[in-house]
Amino acid sequence: MRSLLPILTVVAVILGLWYAAVGPMNFRLALDAATRGGADVTPATPTEQGQTGLIRLMLDNPDVMPAAYAFERPRLPQPQDVVIEIYDNTLGLARNCAWQGFGADRDNWSPLSDGCLRVIENRRSLIFHAWQTLAPTLLGFAIGTGLGILLAVGIVYNRTMDLSVMPWAIASQTIPILAIAPMVIVVLNAMGIQGLLPKSLISSYLSFFPVVVGMVKGLRSPGAMDLDLLRTYSASGAQQFWKLRLPSSLPYLFTSLKIGIAAALVGTIVAELPTGARFGLGARLLTGSYYGQTVQIWAALFMAAICAAALVWLIGAVERRTLARLGLVR
Amino acid sequence: MSQDTVIKAEGLNLVFETNDGPVHALKDVDLEIRKGEFVSFIGPSGCGKTTFLRCVAALEQPTGGSLTVNGMTPDEARRNRAYGYVFQAAGLYPWRTIAGNIKLPLEIMGFDRAEQEKRVNNVLQLVDLDGFHNKYPWQLSGGMQQRASIARALAFDADILLMDEPFGALDEIVRDHLNEQLLQLWARTNKTIGFVTHSIPEAVYLSTKIVVMSPRPGRITDIIDSPLPAERPLDIRDTPEFLAVAHRVREGLRAGHAYDD
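In order, the protein sequences belong to chains U and B. Just so you know, my numbering puts 104 at position 85 of the first sequence, and the rest follows in order with no gaps. Just so you know, my numbering puts 207 at position 111 of the second sequence, and the rest follows in order with no gaps.
Read the hints as simulated data drawn from the structure, not as lab findings. Among these hints, one or two may not hold up.
[To be verified] DEER-style ranges, computed between Cβ atoms:
no.	chain 1	residue 1	chain 2	residue 2	range
1	U	T341	B	D321	52 to 60 Å
2	B	D171	U	A198	52 to 60 Å
3	U	W332	B	T159	56 to 64 Å
4	B	R175	U	L169	27 to 35 Å
5	B	D224	U	R344	22 to 30 Å
6	U	Y176	B	T285	37 to 45 Å
7	B	T159	U	R239	23 to 31 Å
8	B	N230	U	N208	51 to 59 Å
9	U	R339	B	T285	39 to 47 Å
10	B	R344	U	W261	30 to 38 Å
11	U	S191	B	T285	51 to 59 Å
12	B	R175	U	Y176	16 to 24 Å
13	B	T285	U	G256	31 to 39 Å
[To be verified] Here are a few chain U residues that sit away from chain B, every Cβ distance over 10 Å (derived from the structure):
no.	residue
14	P81
15	I146
16	T313
17	F321
These numbers were taken from a predicted model, which means no experiment stands behind them. Glycine is no exception: its CB is placed at the ideal position from the N, C-alpha and C atoms.
Please construct the entire structure, taking both the sequences and the accompanying hints into account.
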């Protein structure tokens, strides 16, 4: 309860700012419509309106403001419109499908097999698009994490890799992912690789880096004394790794994984943008912007945020359980 | 070399090459430690007392002279599990229970599970930590953690126990208590103990032999065979014999110009 109040306060502030911004953002559109509808506005012509500042326009035409809030295809939709759009394309869709299934075959209706399947397969469904993005995200995250851990082990145990790999890993993150995403897709396509993997590779490209950095720090966290202790037992390199370095690195690894999985989701969405993907949250963002459907864009953004929050929460839950089992949480 | 010599150093030298030129950490150290002795190394920082212990443990390589442990090179001695090493900090793994920590060397050395359990029980009794098997290190006080780390060093039955300022980070009351317990442990197990400290009372109270060292270059200035009896209650520290030994240690430190700066 104590943690709820600050969260709700922040949400309230964001909602307040959002509502406050809706009118001004949509005002010119509403004024335009009012002018064409023959209403009495100052200044009277669109050309003059274009040369007048927004604040001046709002002060001179206060009666247009309600129309700005209720505008049909707004530049900035109201929050509840976004919530309704998300509901319509997730649970609402499920409800409709369920009713349709009910009407089609009253005796053999099964909500799970039929209704849910339609929600998942329906091209309008945000759940369908979210899954189209989540699947490559999870695969990319797995690839990125595996690669990151391997690189970190190499960097810690091999001096040549220490000196050579790290600068490249850092350089790799300075390249705009938007620039290489289409190339990766095209090259892989030419090699006959399509579907999940190209998106996953771009997502792993973003998620391996935090894992490398965190894991290198974690594997190096044991002090000289800890290492000396193992030397007095004549422990082998493998024993040093499994009994000391790896357990020491786990808290660092989990922190990296949380950053990595969020980055993986961003990577997948970015991979969908320049490549003309038809499905996925990135595709929804793209079609939304093509057709001026801002509500659709916002709904896809919120869905992406919900997915990211769920993934980070999931890693956090695994982290708490693992560290508690290792006695690292007090 | 007599039959019961455990550690023997002859003309031992160790020079570290640093950016500021060579540092003579140990210079011409001659020392013989016999089985069952309790030997303390005392001196100010930089006198090489820890370095000598690390040479015995093969954690440092001497650059000159000879050093044998149980008649072998330090490296061979280590492979033969000649010694257990206790560091300044307990260094217990936070993700392992106390029993798990004590099993660490046993796992590495390949003891079977039944034997591991037996040995854990034995050494926990020895250091008076019976019943703490499943506690995590952070649930123990500093003194108890250090006792657990001594138990870990005892678990694989090494004849030599090397201790590098093991009680340095503890308060004086806990320290007195642990010193008393350490003497009892030594009496029961008949180990050879090398003990680094910079507390004069601690060195005199514990040792059968006190090695006084001084810095720049690190060398031995005096070796004192303690005249104190084997049976040592804490109040022995007020007897004239005790004070006489302590005085000689202090003189030895002064002779090495330990306080000249």
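Next item on the list: Please write out, lowest number first, the hints stated earlier that are contradicted by the structure.
Entry: When the structure is compared with the hints, only number 10 turns out to be violated.
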